[in-house]
Amino acid sequence: MGATTHRAPSAGTGPARRLDIGRMPAAPTALLLSALVMVIAVEAGSLYTIGAIRKALLGGGFAGWWVSAAFVLLTLMSTMIALPLIRAFNRWRDVRRAIARNDIVAARVARSEAHDRSWIAIGYTFAQFIVVLAVQFLLANNQAVAKTFFYVPLIVETFPLVLKAFWVNIEIFVVAEVLVLVWGLIVALAMFAPGTAGKPLRIIAAVYVDVFRAIPAILVIFLVGFGVPLTGVPILKDFSLTSYVIIALTLTVGAYVAETYRAGIQSIHWSQTAAARSLGLSHMQTLRYVIVPQGVRHIIPPLLNQFIALQKDTALVNVVGVIDSFNQSMLIAANHYNLSAVTTVAVLFIAISIPQTRFVERMMQRDRARLRAGGV
Amino acid sequence: MAFIEIRDISKSYGDLSVFNHLSLSVDEHEVVSLIGPSGSGKSTLLRCINGLEAIDHGEIRVHGDRITGPGVDVNALRRDIGIVFQGYNLFPHMTVLGNVTLAPIKVLRLSKAAAEERAMALLSRFGLANKAREYPDRLSGGQQQRVAIVRALAMDPLVLLLDEITSALDPELVSEVLNIVRDLAEEGMTMLLATHEMGFAREVSSKVCFLCDGSVYEEGPPDKIFDEPARERTRAFLRNIRDAKRI
Ligand SMILES: Nc1ncnc2c1ncn2[C@@H]1O[C@H](COP(=O)(O)OP(=O)(O)O)[C@@H](O)[C@H]1O
Ligand SMILES: [Mg+2]
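Order-wise, the sequence lines are chains A and B. Following the numbering used here, the numbering of the first sequence begins with 1 at its first residue and continues without gaps. Following the numbering used here, the numbering of the second sequence begins with 1 at its first residue and continues without gaps.
To be clear, the hints were calculated from the coordinates, so they are not data collected in a lab. Only true hints are included.
If you anchor each label on the Cβ, the simulated ranges turn out as follows:
no., chain 1, residue 1, chain 2, residue 2, range
1, A, V109, B, E134, 46 to 52 Å
2, B, A113, A, I204, 40 to 46 Å
3, A, I215, B, G69, 44 to 50 Å
4, B, P37, A, T196, 34 to 40 Å
We put the beta carbon where it would ideally sit given N, CA and C, even for glycine.
Generate coordinates for the entire structure from the input sequences, incorporating the hints supplied.
Dropping the structure here:
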């Protein structure tokens, strides 16, 4: 192979090569001007929107010093996007001066900072633009949007009713989560039933998982919630409606959780099994004392994600007439021609969901950090 | 009668034949070293004796009892045959003490106190008493491998199988592990070890077996195998090792 693509070494001939750090940079004028135009446009829109909010508040019977105070505060806050722009402009002037001095290093430093500041200004301006658009949407058609979804008097009035119904959701998902943990583990262990004798069990478990992952949750709830009472099977037919939906959710989510357990068990290297079995531990003892305790750590984040999904799925139980928060809020919505109570339900779900999501994310971050640090 | 009798065994993984009519015996209180090129089946042989792998033909007997084929309680068998792996395979979610006492408690049904007493005695004997409450990932490779040996010894096995137990260690940690094996050999522990440490094999073993082509190609006392190997492949193997200055 001829190494023709390689640069010939300069040893001996010609002057020693120096690092090429480039030429004198130009001031980022175009970028700065673009940022300036955007800031001016969005600020104009912001001021207009803040004025509209004030008018809407005053028109809606809100008055007093706090409206003026909020108005002033919002106006001041909206002008914050000018700050990075001012810094960008200062650095831009530094670039010009450095160029005049022929100071290439200072010019590069200032140019880089002017560049960064301009982009920061553009970024925040864009975010503010989105907020302005959203507020304009709420105010559209004489605040029809705001009143339909966020009619505060109705929210306040119906909040106790909705919150009480939300307890039904909580009851359903807490019980279902406990059942799912146990049921999922049973199914997962069945998927690992050893030998030829275990084969029928393995097949049953695999079929169950495939079937219940395929059927939409709402269908299972419907089939169990309406179907079982119709069959008139003794004992089962006397369960409450809430029990039926808990069973239905456990069956559906249990299939996913069993898969998660299985992945966790398989994530443990076979050499751990070999070590445990070589000490005389049985198949079940090996799973119980060596494999599952290690697998559990890997599966907590996916498990919590499935729990969050399960919590949201409790809103599906309205198909069989359980009065959960969503069903309750729909009744209110029908009576008042207004969806604000449904918004309350959404907010309640957000309130329980976000802490859990953050928690999962932190756990995964910690696990990644440990992995990078070379731990197990 | 020999303590371990491996009679005419064959085993293959699909098309790959690992053992082809291999026979080998180990006497009680004897230390036998398995040497041979990588892939010659040293690890597989140890795993077969321990019941972690099944053989296709032939049989293995311990104390005259057949331990392969149908009707063998492998869990019971493994209580008496300890194995230590190249990669330690400690349980990372348990402390050193937890690692060492798990099987005595769950398999031998010792009380926790009795198991811990036995574990602490073994750990202190091998200079690990102060590590009892540590987790394995806080230990050096040499310490981890010593814990793995202690874990196997805590079951009070009749025979110990050692599979290249120093291959994953930094050179300066090798001797602390080999010292333990030397101690055990002096005590009369029956051991079968796969190893690349030729000097050590020569020192501790009463018999060296060169594995090649699916059977024991040549066997004999260490001085004979290392100084005047009779057969061509053995000579070639040892020459390569000498050239790599590993002897
Ligand atoms: N589980 C397995 N499946 C397929 N082939 C295997 C398996 N275990 C070992 N082998 C093969 O069997 C041969 C012997 O392996 P091994 O016993 O690990 O050799 P050694 O320990 O002497 O290096 C190798 O060719 C290896 O690739
Ligand atoms: Mg090996």
